[in-house]
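2 protein chains.
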Amino acid sequence: MDIFECIQKRYSYRGSYMKTAIPRENLEKIIRAGLLAPSGCNKQTTSIIGIDDQQILDSITSLINKNGFTGKTAPAGICILTQEIPGYADVYFNIQDYSAAIENMLLAITTLGYASCWIEGQITESTETQKQIANLLNIPADYIVVGFLPIGIPENEGKRPSYKSFSQRAWYNTYGSDE
Amino acid sequence: MDIFECIQKRYSYRGSYMKTAIPRENLEKIIRAGLLAPSGCNKQTTSIIGIDDQQILDSITSLINKNGFTGKTAPAGICILTQEIPGYADVYFNIQDYSAAIENMLLAITTLGYASCWIEGQITESTETQKQIANLLNIPADYIVVGFLPIGIPENEGKRPSYKSFSQRAWYNTYGSDE
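As you go down the protein sequences, you meet chains V and G in turn.
FYI, the numbering for the first sequence is 29 to 207, going by this note's numbering.
FYI, the numbering for the second sequence is 29 to 207, going by this note's numbering.
In short, the hints are calculated from the structure, not lab data.
Mixed in with the good hints, there may be bad ones.
The list makes no distinction among identical chains, and a pair is therefore deemed to hold if it is satisfied within one copy or across any two copies.
Stated by the list, open to error - Once the Cα atoms are required to be at most 27 Å apart in a straight line, the calculated DSSO-like pairs of lysine-lysine come out as:
1) K37 / K57
2) K57 / K100
3) K71 / K100
4) K100 / K37
5) K192 / K37
6) K71 / K187
7) K37 / K47
8) K71 / K47
What you are looking at is a predicted structure, and each value in this text was computed from that prediction instead of being measured.
Work out the full structure: start from the sequences and follow the hints.
Here it is, written out as structure tokens:
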């Protein structure tokens with residue numbers, strides 16, 4: 029699968045997953061893809077915890093589930109952590125950093141034949157949920173839990189969202205041009 | 029090139045570019061890769077202007093150049109715009125959205141044999157620079173200019189940054205585990 033096909037194929041899957049385990053080798057490939065994302069001023073503010081222990085996974089997904097999380101059937105997951113370290117002076121790029129890392133991981137997940145969904149608001153809208161996940165995974169206070177990616181083989185084909193047309197979001201040389 | 033090779037190969041290039049033009053077809057492939065990135069609650073907050081008009085390109089890069097921008101020799105570029113539209117309530121994902129779009133475009137640029145560098149702080153640290161670019165490209169006030177990607181064939185092999193080791197940034201099931 030080339031990069032364009034992979035980008036086209038990726039989508040946010042919100043259905044159930046098959047129980048088929050994710051080999052640790054594949055989980056590592058996904059994590060390494062995340063670690064190789066660029067980071068502002070190379071501060072590498074993103075850290076990643078791969079989760080394939082069923083008990084830990086159940087505990088995390090039940091915390092997220094409180095807010096309507098549907099990925100609880102996934103046999104593995106990725107927990108994304110960020111550190112608020114400035115790129116320079118008081119300029120921070122850590123949101124950009126973990127977002128690029130997540131996108132790399134979503135593409136890696138897709139190319140390996142799995143599905144996922146970028147779960148962020150359901151975690152970050154509650155500092156209590158963030159703290160509970162941090163406690164569960166023994167995460168130090170200088171890291172912030174910002175996201176979770178369920179990983180698994182999808183049971184069904186999920187629904188893809190509609191996209192605005194190219195001409196509504198992209199132009200050449202000048203905003204709104206019809207080149 | 030598969031996705032893992034592409035992710036491995038991508039890096040921030042800060043040298044000079046060859047003059048070889050970027051076919052519009054390739055610029056479109058890169059832009060479409062960006063538009064296909066996920067966005068929080070599918071709000072599609074990212075917009076993209078592909079630039080291959082030499083005069084406009086020179087004007088933009090000279091604005092960024094004020095702050096030490098090295099990509100002025102690139103024969104094309106991408107200007108990234110964001111709209112501050114909430115995902116829901118007062119929760120915004122637009123930084124995440126454009127970061128995922130930029131990462132997709134950097135991977136597309138890499139797979140097509142070009143190089144680039146994610147330019148953000150040199151633009152966003154100065155609202156004056158942001159406004160000047162917006163004026164130049166006729167961008168309405170509800171869009172914010174947040175990034176620029178030069179695109180071209182690199183003249184030399186650039187220097188890759190060092191990365192922390194896997195065990196410094198990633199673990200399985202619990203923070204700091206040595207699984």
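Do the hints match the structure? See the list:
Taking the closest pair of Cα atoms, K37 and K57 come within 27 Å of each other both inside a single copy (18 Å) and across two copies (15 Å). Taking CA atoms no more than 27 Å apart as the test, K57 paired with K100 passes inside one copy only; the shortest distance there is 22 Å, against 35 Å between copies. When the C-alpha separation of K71 and K100 is checked against a cutoff of 27 Å, the pair qualifies only between copies, where the shortest distance is 25 Å, while the shortest distance within a copy is 32 Å. When the C-alpha separation of K100 and K37 is checked against a cutoff of 27 Å, the pair qualifies only within one copy, where the shortest distance is 22 Å, while the shortest distance between copies is 34 Å.
Taking identical chains as interchangeable, the C-alpha atoms of K192 and K37 lie at most 27 Å apart only when both belong to the same chain, with a minimum of 17 Å there against 31 Å between chains. Taking the shortest Cα distances, K71 and K187 sit within 27 Å of each other only across copies (16 Å), while inside one copy they are farther apart (37 Å). Proximity of K37 to K47 under the C-alpha cut-off of 27 Å is restricted to the intra-copy arrangement: shortest distance 22 Å within a copy versus 33 Å between copies. With identical chains, the CA atoms of K71 and K47 are never at most 27 Å apart, being 37 Å at best within one copy and 32 Å at best between copies.
Hint check: a violation occurs at hint 8 only; the rest are consistent with the structure.
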